[in-house]
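Going by our numbering, 5 is the number at position 5 of the sequence shown; the sequence numbering is gapless.
Keep in mind that the hints were calculated from the coordinates and are not lab data. C-beta atoms are modelled at their ideal positions from N, C-alpha and C, and glycine is treated no differently. Treat the hints with caution; some may be incorrect.
Claimed, not checked - So the derived label-pair ranges between C-beta atoms look like this:
id, residue 1, residue 2, range
1, Glu33, Glu58, 37 to 43 Å
2, Glu58, Gln10, 16 to 22 Å
3, Phe29, Ile51, 27 to 33 Å
4, Glu58, Arg4, 20 to 26 Å
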Amino acid sequence: MLPRYEEFIQDVFISLHANIRELRERKTFADAEELAHIEARLAAYEEVVQIFRESAREFEIPNEAVS
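Can you build the whole structure from these sequences, using the hints too?
Shown next as C-alpha cells:
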C-alpha cells in the first residue's frame, strides 16, 4: 500500500478509537438524555470499526493492522 494511504488509514483508526474512548468516558458522567445520544454514537463508531475489520479479513490483512 502506498505510504500516504497507510497514513490516512492509520489516522482514521486513531480518530475512531479516540472518539470511542472519549464517548466511553463521557458515558460515565452523562445524564439520561445525553446517554441515549452517546450510546447511539458509540454503536455507530463500533460498527465502522467492525466494517474495517471484516474488510481486512477479506483482504487477508492481519487483525493487528486494523485494531
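Can you tell me whether the CB distance of phenylalanine 29 to isoleucine 51 sits inside 27 to 33 Å? The hinted range 27 to 33 Å holds for phenylalanine 29 and isoleucine 51, with Cβ atoms some 29 Å apart.
Is it true that the C-beta distance of glutamate 58 to glutamine 10 lies inside 16 to 22 Å, as the hint says? For glutamate 58 and glutamine 10 the Cβ distance comes to about 20 Å; the hint holds.
Cβ separation of glutamate 33 and glutamate 58, checked against the hinted range 37 to 43 Å: holds (39 Å)
Taking the Cβ atom of glutamate 58 and the Cβ atom of arginine 4, is their distance within the range 20 to 26 Å? holds (23 Å)
Consistency note: the structure conflicts with none of the earlier hints.
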